[in-house]
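K.L.:
Let the sequences and hints guide you as you build the complete structure.
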Amino acid sequence: MPADYVDWLRREGRIVIVGASLAGLRAAETLRAEGFAGELTLIGDEPYEPYDRPPLSKSVLLGKASAHRTELPHRREIDAKWRLGVAASGLDLMANRVRLADGDEVEYDRLLIATGVRARPWPKPEEARLDGVCVLRTRDDAAGLYQRLKAGPRRAFVIGAGFAGSEVASACREMGLPVTVAERAGAPLAGALGGVIGAVAADLQTENGVDLRTHVMVTALEGDPVGRVRAVHLSDESVVEADVVVVSLGSQRNTDWLAGSGLGAGPRGIACDAGCRAFDFRGIVTDDVFVAGDVARSPHALFGYQFLSLEHWGNAVAQAETAAHNMICHGAERRPHLWMPAFWSSMFGVNIKSVGVPPMGDQLMITQGSLAERRFAGVYGHQGRIVAAVTFDNTRWLEFYQRQIERGAPFPVEFATVDRRPEGRPMDADFPDPSLPTHGPMVTLSGYSPADQQLVFHPARH
Amino acid sequence: MRLVVDLNKCQGYAQCAFLAPDVFAMHGEESLVYNPHAPEEQRERLARAVAACPVQAITADGLDGTGEQGTGSAQEAHDAR
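First to last, the protein sequences are chains A and B.
To convert, note that position 45 of the first sequence is 45 in the UniProt record's numbering; the numbers rise steadily by one, no gaps.
To convert, note that position 81 of the second sequence is 81 in the UniProt record's numbering; the numbers rise steadily by one, no gaps.
Worth flagging that the hints you see were computed from the coordinates, not collected in a lab.
Computed from a predicted model, the values in this text were never measured in an experiment.
Fair warning: there could be bad hints in the mix.
What the hints assert, rightly or not - The following label-pair restraints were derived from C-beta to C-beta distances:
{"#": "1", "chain 1": "B", "residue 1": "21", "chain 2": "A", "residue 2": "338", "range": "36 to 42 Å"}
{"#": "2", "chain 1": "A", "residue 1": "131", "chain 2": "B", "residue 2": "18", "range": "42 to 48 Å"}
{"#": "3", "chain 1": "A", "residue 1": "267", "chain 2": "B", "residue 2": "55", "range": "33 to 39 Å"}
Claimed, not checked - Every beta carbon over 10 Å from chain A, so not counted as near; a handful from chain B, in silico:
{"#": "4", "residue": "2"}
{"#": "5", "residue": "15"}
{"#": "6", "residue": "18"}
{"#": "7", "residue": "19"}
{"#": "8", "residue": "40"}
{"#": "9", "residue": "41"}
{"#": "10", "residue": "42"}
{"#": "11", "residue": "44"}
{"#": "12", "residue": "45"}
{"#": "13", "residue": "47"}
{"#": "14", "residue": "48"}
{"#": "15", "residue": "51"}
{"#": "16", "residue": "52"}
{"#": "17", "residue": "56"}
Don't be surprised by glycine CBs; every beta carbon is placed ideally from N, CA and C.
P.N.:
Here it is as structure tokens:
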């Protein structure tokens, strides 16, 4: 590709961004900040300009913010053409065209895909349609759920005790509502943080009045004669009456629209190289298609070059910035996306944060504080290295652990720490069998091949 | 006015909750809960909170020069929508 192509692209090329949420917006801002003067189009399936999602399960459900007022501040003017409320429905890689659901087509010289994820719906459609059965991903979801909770249901029921489900349960208790949480694993957050930390989260829930049921699955949602949900049936044969059911079973990547396009896109996301360039289905990197945010899976040097899929706010920002930079610069100036995975959650007044990839760790060591006090820092180890850390109400130490992960520090840790307790010996982190389908840990290690798109589920062992 | 807090950066110093208590509140010892849409009359308090955050985790628009920190800060401007 001639060097002057990039100069031409920067001056008068057409860049299309599919996905008008956090990653799409930050990419657009970066393109303009770095001098892109051509035509910029943002396509989004929701009819709203980019808004922030984390407040939807926190401030909004706590009644401290309106679901319809979480639009993201813009860092700069982006002078873009917005195509909102219309989903992309197809991609023609040969003709450099995005097809839209309304039949329109948009041509690009370079394309950024940031279509993110959607909430995984309840798998039985006729039950999912019952009035009172909700998911929580969009601002409309949040507005609807908040109204239902505010109306004072007799009981709310949350299916899945990942972060989102646990945050909903926390909000319910804050509102004084009876809430039952069902989780297939042995504890809340077990998929993301392992069973040892999960046990702490379980105590947190039960002490705050949540009716927590673990090692169970929901087998059916029962409706009344007018189509409102009224009860939840569980695999242990118990039945719980509830008039709001929140399905919190993780998310699905929005890649369906790319079926048949030739891109390496599937249920695990769109494979891209460290420079955010998409792979096609043969494992060959493309020149003009880039990927960022929750929908991307990219190899990470710190984690054995496995492909990582991250549903993290900070990753969406960082990857969007890197992708945008790489889209409009010469090859030698491209940067790798080597963001350290990091996320936060807060539930029942406890601040939970993590860096690295906890599910990669098999061992856990509590290096500061204590599990019983729910104020601690713990590190995860894998093959003699620190690969992740987690804190409960101890965020100021997290950056230190991040540096340890970055330099591949040995595990068990050799350094002394403030507030080390006798319990701080390495132990099994107790992650559930990764081959079991769960609500999803938000960080997924998805192997070494860009073309590997198969999800293999094995039947449960019990 | 729109705002967003990078809660990866936030370390719960609570300066914002002290300076603009109608926008920011602590929930527990170090979790921050905030309203992403601050009313106009909070402009001055919000600007103070943005400036006082020890880890510069708050981005707000419409505050002229007090938004995103770092290389882009000179380019911060009202976004005409």
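K.L.:
The structure should be examined with respect to each hint, and the outcome stated for every one.
P.N.:
So, going through the hints one by one against the coordinates:
1. B:21 x A:338: 36 to 42 Å: Distance hint for residue 21 of chain B, residue 338 of chain A holds at roughly 39 Å.
2. A:131 x B:18: 42 to 48 Å: holds, 44 Å
3. A:267 x B:55: 33 to 39 Å: holds, 37 Å
4. 2: The claim breaks: residue 2 of chain B does not keep its Cβ more than 10 Å from every Cβ of chain A (closest is about 4 Å).
5. 15: At about 14 Å from chain A, residue 15 of chain B clears the 10 Å cut-off, so the statement holds.
6. 18: Answer for residue 18 of chain B: holds, closest chain A Cβ roughly 17 Å.
7. 19: Given a closest Cβ separation of 17 Å, the condition holds.
8. 40: The claim holds: residue 40 of chain B sits with its nearest Cβ about 13 Å from chain A, beyond 10 Å.
9. 41: holds, 15 Å
10. 42: Given that every Cβ of chain A is farther than 10 Å from that of residue 42 of chain B, nearest at about 13 Å, it holds.
11. 44: Per Cβ check, residue 44 of chain B is outside 10 Å of chain A; nearest 17 Å; holds.
12. 45: holds, 16 Å
13. 47: holds, 13 Å
14. 48: holds, 17 Å
15. 51: Nearest chain A Cβ is 15 Å from residue 51 of chain B, so the label holds.
16. 52: Nearest chain A Cβ is 17 Å from residue 52 of chain B, so the label holds.
17. 56: holds, 14 Å
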